[in-house]
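Trainee: Make the full structure from the sequences, and use the hints.
There are 2 protein chains.
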Amino acid sequence: MAAGRALPLLLLLLEPVAAVWPQPQAERTPAGGGRCLLPPRRFRFAYAAGSAVGPGCAVLEAAFQRYWALLFAAARPTEKELPWGIPCTQLLVFVATPGCNGFPSLDSKESCLETFSQLVGRDENGTYYINKTEIVDFPRFRHRGLLLDTSRHYLPLRAILETLDVMAYNKFNVFHWHIVDDPSFPYESMTFPELSKQGAFNAMTHVYTASDVQTVIEYARMRGIRVIAEFDTPGHTLSWGPGAPGLLTPCYLDKDPSGTYGPINPILNSTYQFVTSLFKEVSTVFPDFFLHLGGDEVDFTCWKSNPKIRAFMRKMGFGEDYKKLESFYIQRLLDIISSLGKGYIVWQEVFDNGVKVRPDTIIHVWKENPKPYMEEMANVTKAGYRALLSAPWYLNRISYGQDWMAAYQVEPLKFGGSPEQKDRVIGGEACMWGEYVDVTNLAPRLWPRAGAVAERLWSNATVRDLQDAYVRLADFRCKLLGRGVQAQPLYVGYCENEFPGF
Amino acid sequence: MAAGRALPLLLLLLEPVAAVWPQPQAERTPAGGGRCLLPPRRFRFAYAAGSAVGPGCAVLEAAFQRYWALLFAAARPTEKELPWGIPCTQLLVFVATPGCNGFPSLDSKESCLETFSQLVGRDENGTYYINKTEIVDFPRFRHRGLLLDTSRHYLPLRAILETLDVMAYNKFNVFHWHIVDDPSFPYESMTFPELSKQGAFNAMTHVYTASDVQTVIEYARMRGIRVIAEFDTPGHTLSWGPGAPGLLTPCYLDKDPSGTYGPINPILNSTYQFVTSLFKEVSTVFPDFFLHLGGDEVDFTCWKSNPKIRAFMRKMGFGEDYKKLESFYIQRLLDIISSLGKGYIVWQEVFDNGVKVRPDTIIHVWKENPKPYMEEMANVTKAGYRALLSAPWYLNRISYGQDWMAAYQVEPLKFGGSPEQKDRVIGGEACMWGEYVDVTNLAPRLWPRAGAVAERLWSNATVRDLQDAYVRLADFRCKLLGRGVQAQPLYVGYCENEFPGF
Chain A
1 MAAGRALPLL
11 LLLLEPVAAV
21 WPQPQAERTP
31 AGGGRCLLPP
41 RRFRFAYAAG
51 SAVGPGCAVL
61 EAAFQRYWAL
71 LFAAARPTEK
81 ELPWGIPCTQ
91 LLVFVATPGC
101 NGFPSLDSKE
111 SCLETFSQLV
121 GRDENGTYYI
131 NKTEIVDFPR
141 FRHRGLLLDT
151 SRHYLPLRAI
161 LETLDVMAYN
171 KFNVFHWHIV
181 DDPSFPYESM
191 TFPELSKQGA
201 FNAMTHVYTA
211 SDVQTVIEYA
221 RMRGIRVIAE
231 FDTPGHTLSW
241 GPGAPGLLTP
251 CYLDKDPSGT
261 YGPINPILNS
271 TYQFVTSLFK
281 EVSTVFPDFF
291 LHLGGDEVDF
301 TCWKSNPKIR
311 AFMRKMGFGE
321 DYKKLESFYI
331 QRLLDIISSL
341 GKGYIVWQEV
351 FDNGVKVRPD
361 TIIHVWKENP
371 KPYMEEMANV
381 TKAGYRALLS
391 APWYLNRISY
401 GQDWMAAYQV
411 EPLKFGGSPE
421 QKDRVIGGEA
431 CMWGEYVDVT
441 NLAPRLWPRA
451 GAVAERLWSN
461 ATVRDLQDAY
471 VRLADFRCKL
481 LGRGVQAQPL
491 YVGYCENEFP
501 GF
Chain B
1 MAAGRALPLL
11 LLLLEPVAAV
21 WPQPQAERTP
31 AGGGRCLLPP
41 RRFRFAYAAG
51 SAVGPGCAVL
61 EAAFQRYWAL
71 LFAAARPTEK
81 ELPWGIPCTQ
91 LLVFVATPGC
101 NGFPSLDSKE
111 SCLETFSQLV
121 GRDENGTYYI
131 NKTEIVDFPR
141 FRHRGLLLDT
151 SRHYLPLRAI
161 LETLDVMAYN
171 KFNVFHWHIV
181 DDPSFPYESM
191 TFPELSKQGA
201 FNAMTHVYTA
211 SDVQTVIEYA
221 RMRGIRVIAE
231 FDTPGHTLSW
241 GPGAPGLLTP
251 CYLDKDPSGT
261 YGPINPILNS
271 TYQFVTSLFK
281 EVSTVFPDFF
291 LHLGGDEVDF
301 TCWKSNPKIR
311 AFMRKMGFGE
321 DYKKLESFYI
331 QRLLDIISSL
341 GKGYIVWQEV
351 FDNGVKVRPD
361 TIIHVWKENP
371 KPYMEEMANV
381 TKAGYRALLS
391 APWYLNRISY
401 GQDWMAAYQV
411 EPLKFGGSPE
421 QKDRVIGGEA
431 CMWGEYVDVT
441 NLAPRLWPRA
451 GAVAERLWSN
461 ATVRDLQDAY
471 VRLADFRCKL
481 LGRGVQAQPL
491 YVGYCENEFP
501 GF
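Going down the list, the sequences are from chains A and B.
Counting from 1, position 98 in the first sequence corresponds to residue 98 in this note's numbering; the numbering is continuous, with no gaps.
Counting from 1, position 11 in the second sequence corresponds to residue 11 in this note's numbering; the numbering is continuous, with no gaps.
Any given hint could turn out to be false.
Only pairs whose alpha carbons sit at most 30 Å apart, straight line, appear in this in silico BS3-like list of lysine-lysine [said to hold, decoys possible]:
1) K255/A x K342/A
2) K479/B x K197/A
3) K197/A x K422/A
4) K414/B x K382/B
5) K479/A x K414/B
6) K324/B x K356/B
Just so you know, the hints here were simulated from the structure itself, not pulled from any lab data.
Mentor: Structure follows, in structure tokens:
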């Protein structure tokens, strides 16, 4: 949305290079250094001469507003601004490519305002300043995602919007919305309203209305964040059952239906009619080119118990290989999605099971065994597909101590393969699955831990020093507290402004 | 503070026995059952005939106010109360022993209002009711504590007060305030104001003033909670150094002081003068009979490096056994505390090192190795001392999944010993050390996990069924959310009223 790649971001004034998280590709204090003061009431964001985007660009105007408030909201308005020093009264933003009101995409450029905001300091007199700093910046990976799971626990809209804010502070640019799953179906479908009426924890309070979804998408867009919705099938769909009679496979106990249900029933035409209608709606609601189709962890027990499924297996010549049945379903689903003009991301099982996917498919690597995830990354990219890494970044899995370090030390390209293969790694996602997480503990579990993933995906591969990262991340976490984010501490210590929200 | 042991708590009305956490000693629905409705505007707490305590008892009056608000704050005042059903318009509280305005002690009786509040339900019309339930209740252990560490991170007063509220909901009755330690000294001493001025993270914002401390003690008293302060010495005192020149041992590098400091210097008279003055103040400020004196984890490296300490060791005939030096210090400290008329609790090292302690000393068992903690419990009680268990209840140590279960399954008396030994186990404490915890994540890490310890210390030893505990604890956690406590989920699911605070 703003400054293009490899553009000098700032030429402003300071002594030590200020800590920025995630670390820019290049940052230095120019010879001679220097500092200039920022007088809040006179300071403005503005467009540089020759910028392809100018006044009237809603995304930038809104960002200017947000960052002015983040920077100077604490300034006392009655305070007399000091006349001394060299004042800097504007930040000139230069945007290389035109276009302002579209949605962000895999190829979107990045904003510089967050970096700028992190460089602004405040001295002991309350005077804002910025030290002269030269920054050249661009992300290492294009897809820097965060997954939230709103099925195992419902997350109120406000928690999602707050997460989007903090994602932007971390330069995450993809919100992977794992919106439905076995435990609940909070997505309110216009085509199939019974899905949430029957499948939400509470159809009055625990649903995302069409308006909620639009709010999330728009809020994300204003922050340069894409929203990729996941409707995981054919497994992970138990909550779909009550609102979609006939969709799920009836499980059998000996010769009779047991009353329980398994994955989506892949042998009925009605299933594909349903799936077509639902995804037609979903494709319209979510503007991003990509949908996440899931495809993970299909349990074959129920399919195996069902005599009609077994008959179908025989008819199709699948033998006892239920992976073939799974692939049969996925194949048809992918064709439906293609016909809707959408691209797709799938969990790695779809690739592992040899489903024929389009060449532009993105394979999402999440499993740590039986084979190491780096082997999977090598296989996926060798087969010519693009890959997204999440396996080492399941942040829901907590442990005692500074577990951000393990996430930070991951190197996504540390596998054997050609340069072309490495190019196919478009990024990764931090995942916060919801078994043990809801709005009560989401923010402190995410932040600043997810920041470790954010820097790994943004900064240069050479940025790996743990001690340096600790200092910057602890500082960034203090900045987050100052912005009202309930980010937990890395270790013993304190922040000067640590209780604004409490 | 209220109804005595083994007193029938309630004789009121319902169908299934309502879930209460921690589980009462006996709870049953009487034959015939029955339910009565509670009309909020007419409902009152009152004193039963013959109660040793009546109107004017501040502790009870305040509890009546709190629980009326907890129960009925959500009642719509304009709503017409239903005339049908059998109304219950008062809860009669009978207190067996007189005395109302003192501080709680190890022998205090317990309150019944929390139990009552958990039995009240609300039907789909918003009508409050209580089902007829007979409860006989009393705690299994007298000391049911929770430790908070305000040195590794400062906890704002508000967070401590909120914790006291939730402790009362869980029937915890001891707040173990680990108020100072190596990283910071937030206690504002009247005798030695430089301690916090020099030792707090920030002397303006990160201190507990005398008024703050009084507020904590009074807030706790109103909830039947004792406040036991810990001033841990001779180790864990680095933050004391800047404000108390000469108190800490100067460490040496070869023949010269290295500029760093170790534990309190045990060989100087000035040390004991300082300790006497400080604990004289602390004994006055904290009304509880017991002080916690620490005594754990003394690192001998610095003492060993110091030539004056080594000379003292030789003079005293301690050889190379620095435990003797530690004991020398502790012995003098204990004598000082005794002379101040206080009892003391010490960490297990003091017992392990063979320090001569008073027979009424309480030994706090916290180590998991080298010997199993149950062996230590056996040894401590065999030696005739009272024991407090914390080793399996370090709740700061988190792991993925339902780790409350391990805390719940502990049986504090599962060691070989006589009945007299078992009687010497006065209870235990859940500990929330502050390395990775501050106000941003305190509440969700504590609750409902600490509830597992609360029930273990309150309920009968036979109450051990994990499935049953899960259901009741999940329900209790929903009640906590309804009261505005940021208690994290046990597992997948939801509460009807889960977003009041968000």
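Trainee: If a hint holds in the structure, say so; if it does not, say that too.
Mentor: Against the structure, the hints come out as follows:
1. K255/A x K342/A: Cα-Cα ~42 Å, so violated.
2. K479/B x K197/A: Holds. K479/B to K197/A sits at ~25 Å (cutoff 30 Å).
3. K197/A x K422/A: violated (45 Å)
4. K414/B x K382/B: holds (14 Å)
5. K479/A x K414/B: Violated - the C-alpha atoms of K414/B and K479/A are around 48 Å apart, more than 30 Å.
6. K324/B x K356/B: holds (11 Å)
Checked against the numbered hints listed earlier, the structure breaks hints 1, 3, 5; every other hint is satisfied.
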